[in-house]
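J.: Given next are the chains, with one letter for each unit.
Number of protein chains: 2
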Amino acid sequence: MSDPVVDHLLARHDAIVTDLMTLLRMPSVSADPAFARGMDDARRFLLDRLTAIGMENVRLLDGGGQPAVYGDWLHAPGRPTLLVYGHYDVQPPDPLDAWTTPPFEPAIRDGKLFARGASDVKGSTMIAIEAVAALLAVEGCCPVNVKFFLEGEEETGSPSLRAIIGRYRDLLRADGVLSADGGRASRELPTVNTGARGANGLEFTLRTASGDLHSGRYGGAVRNALHEMAALIATLHDRDGRVAVAGFDSDAVPVTDRQRADVAAFPFDEAAFVEEVGAAPHGDPAYSMRERITLRPCLDINGMWGGYLGAGSKTIIPAEAHAKVSVRVVAGQDPRRVVDAVAAHLRRHCPAGVELTFGRIGDGSPASTLAPEHPLVRAAEAVLEAETGRRPIHVRLGASVPITAIFKETMGIDTLMFGFNLPDEPVHAPNEFFRMESIAMGLRAWPAILRRLGEFAPADFRPVT
Amino acid sequence: MSDPVVDHLLARHDAIVTDLMTLLRMPSVSADPAFARGMDDARRFLLDRLTAIGMENVRLLDGGGQPAVYGDWLHAPGRPTLLVYGHYDVQPPDPLDAWTTPPFEPAIRDGKLFARGASDVKGSTMIAIEAVAALLAVEGCCPVNVKFFLEGEEETGSPSLRAIIGRYRDLLRADGVLSADGGRASRELPTVNTGARGANGLEFTLRTASGDLHSGRYGGAVRNALHEMAALIATLHDRDGRVAVAGFDSDAVPVTDRQRADVAAFPFDEAAFVEEVGAAPHGDPAYSMRERITLRPCLDINGMWGGYLGAGSKTIIPAEAHAKVSVRVVAGQDPRRVVDAVAAHLRRHCPAGVELTFGRIGDGSPASTLAPEHPLVRAAEAVLEAETGRRPIHVRLGASVPITAIFKETMGIDTLMFGFNLPDEPVHAPNEFFRMESIAMGLRAWPAILRRLGEFAPADFRPVT
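Chains A and B, in that order, give the protein sequences.
Those letters in the first sequence? Residues 1 to 465, per UniProt numbering, in order.
Those letters in the second sequence? Residues 1 to 465, per UniProt numbering, in order.
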């Protein structure tokens, strides 16, 4: 049964890939001000494309940080209004020398499109835009009202998303969020994401002297900031990899039998999962690996440094050491409280003679949960079952999608992740890629889910109370 | 009693400082290949100066690394031959933003000459050259035979010094070494250095996965290279700061009562020593602080890094972590064995699933000891007593002077450190400076010690057996 919208999209497949590669060449790293130009270029690209496909009110929404790109089509009266979410910022590309081809020079090899941001999430963002474009081009209308909201700070924890929503609350009002960020948990099996861990982080510095000291002159007499950093970080986990911070998981909702059953239903080869990335399994033995990464909080040091990092040797006693810490939190946890518990632990374990200071600590984002009977879940199940012939299973995400929590908190609406990237695409690491096959799959699925959602009434999106 | 040589030197004081500042402007960092140009410039400067003052056989001595600058004056038959040692390489200047004025733009403030290498050791090297220059200019001859040997790899542990000595053994033959590197232990009190700790180092890497991992996807499932690095480094010392490596000090000669008495004779304010640099005292409580830094071995992490070090956050599980380690060793210790003990400790404490690899491990340099009746010691005592009116006391250096050990081992000759820098000049750290008053003091003392040494016969320099 031919679908003219999908036919139109598949005929434009190569042109869409070419456009995507143009966007991928723009180094839109939000974490580092050195990439301001790449951020500008990506915004301009998206403003132009939204205008070209017939969006109205195309503009930047400024909340004091990186502005979001907005555009809407609101000519389906009585139908639900969907905020279609994507983001144009990407993770920093380092370490650069670990990339086979440069991060901002997209390259297709073995059916994979390699580039920073290909999988997270410029690829799926383009799919969403092109699906709406095709519906408008072929049918002249869209089955739902659409508001594109393409964020520029997802990779830095959406620091000004609340400010943007506060300032443009009326413009952004919607019945639900359809997100291009995150989605497939398996290449073989259709899955619907019904939740995600939350996240928060902190950065701290230790100081043991007013400056670096000569190890010949002071070696054996004073504290070394790197020894202190090592000793302090070593207290954060026990030997089995359990987080050893007092109160770290005290507000976490205990894992239920139903959750354990859901996890068990998802085929997951623990050994293969870690072997594939050259790692060894490690973590709390009271939980299976998949339970640990989807249902339990965790703590990781993301960066640690101090002293001389250059070529050769330098016999100093470093006076300063730094660490970046991130936590993932689960249902029930206040991400600010969790990070405060970590900070309190660090203070408690920091010896006299060592100065401990923290960078700004943010509120982070809590975990999120989508009810099984929600129209977003039901629409996704129907589309994925039609696409694959198999009944989708419910999964939760180990990664954090702060926007899901923020849209819920600020606008009371739920978010469905409907991106087409896969878990084995190294999204925050070198050689990130997006599978070419996922592009075609996304181009078939997005018009379908917009149509399914158009069958619901706006009222169906409201939570049952 | 006027001395025409000293008068000549003091009349040239400002010109000598100007020349020294020219040399300090040359960024001769031997540890980092990026500074090759600065190394070249410093060599050319010294070759020109040695030629200008009347040295013969002026040339570079190549041992496969950074060549040494050489020049001799051998027209004092029957008199001792002194190898006059200095070095033209300097420590890396980072962290650059901690310098009040840039490291390679010398600036005089409050009677101090600030620049990387001012104290360690271009200042004292220039004093030695100018003292010989003045003796030749004023008296037409020198009281001893002089061979300048100005090294280019002191700050990287003199990796090719043995090769240079092996290749130029006849050219370098001498009765003793008079070194411009190291000397004064106190500004108030005359001291003669009779020994120094040795040193060695190693660098290692931990790997926990084939690449950095997304902490949302793998957090709680795998090892984190930074957690492993912290845990491993935390095993190297106990809570009191004692080195906890098995066998670390097993070959160290025990501290004798005589050594404890020598240390006690040197006025040393432990609290002031560490307070001055904003540090807290820390280390083996069985020894006084000055015993710890001159008579006991120690171990320091000089650099440690891994993961994301840039601006903002990056939620990765780092796959790789690095550390640079240095040790200081005392009499009786084989510096290679000590580092091997550290490597064995790291291997023993490294858990399964973590790959541990070492960089090249060198032989290091052992501690050195100069006999009290040696002509170099007696000459220094006489000169310093005449200069200060006080009897010099014997001290040992906590820092390492690899060349002292290497000259002893390869040529059987002893080295006296006769530099004029002071312990409070931050030589391996930002804002290194050399006191202006030390320049005048050095310009008076160097002609005097060369004359004193000229009163000995070459045979007096041979060790009593």
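Derived by calculation from the structure, the hints in this document are not laboratory data.
Since we're looking at a predicted model, the values are computed, not measured.
Mixed in with the good hints, there may be bad ones.
Claimed, not checked - What the simulated footprint calls covered on chain B by chain A, stretch by stretch (three residues with Cβ under 8 Å from a Cβ of chain A suffice, anywhere in the stretch; the number is not a length): (1) 168–180; (2) 216–230.
Said to hold, decoys possible - Okay, the calculated bits of chain A under chain B, using three or more residues with CB under 8 Å as the criterion: (3) 11–20; (4) 62–73; (5) 168–177; (6) 337–347; (7) 420–428; (8) 449–461.
Idealized CB from N, CA, C, for every residue including glycine.
J.: Are there at least three residues in the stretch 420–428 of chain A whose beta carbon sits under 8 Å from a beta carbon of chain B?
T.: Check passed, 4 qualifying residues.
J.: Report holds or violated for chain B covering the stretch 337–347 of chain A, Cβ cut-off 8 Å, minimum 3 residues.
T.: violated (count 0)
J.: Mind taking a look at whether chain B covers the stretch 449–461 of chain A? Criterion is 3 or more residues with CB to CB distance under 8 Å.
T.: violated (count 0)
J.: Is the coverage entry for the stretch 11–20 of chain A by chain B consistent with the three-residue Cβ rule at 8 Å?
T.: As far as the stretch 11–20 of chain A goes, the hint is violated, because 0 residues have Cβ atoms under 8 Å from chain B.
J.: Checking C-beta pairs, does the stretch 168–180 of chain B have three or more residues closer than 8 Å to chain A?
T.: This one is violated; 0 residues, fewer than the three required, reach chain A with a Cβ under 8 Å.
J.: Is the listed coverage of the stretch 62–73 of chain A by chain B valid when you require three or more residues with a beta carbon under 8 Å from a beta carbon of that chain?
T.: With 0 residues close enough to chain B, the hint is violated.
J.: Under 8 Å between beta-carbons, do enough residues of the stretch 216–230 of chain B, three at least, approach chain A for the coverage claim to hold?
T.: Since 13 is at least three, the answer is holds.
J.: Verify this for me: three or more residues of the stretch 168–177 of chain A with a beta carbon less than 8 Å from a beta carbon of chain B.
T.: Answer violated; 0 residues pass the 8 Å Cβ test.
Consistency with the previously given hints fails for numbers 1, 3, 4, 5, 6 and 8, ordered from lowest to highest.
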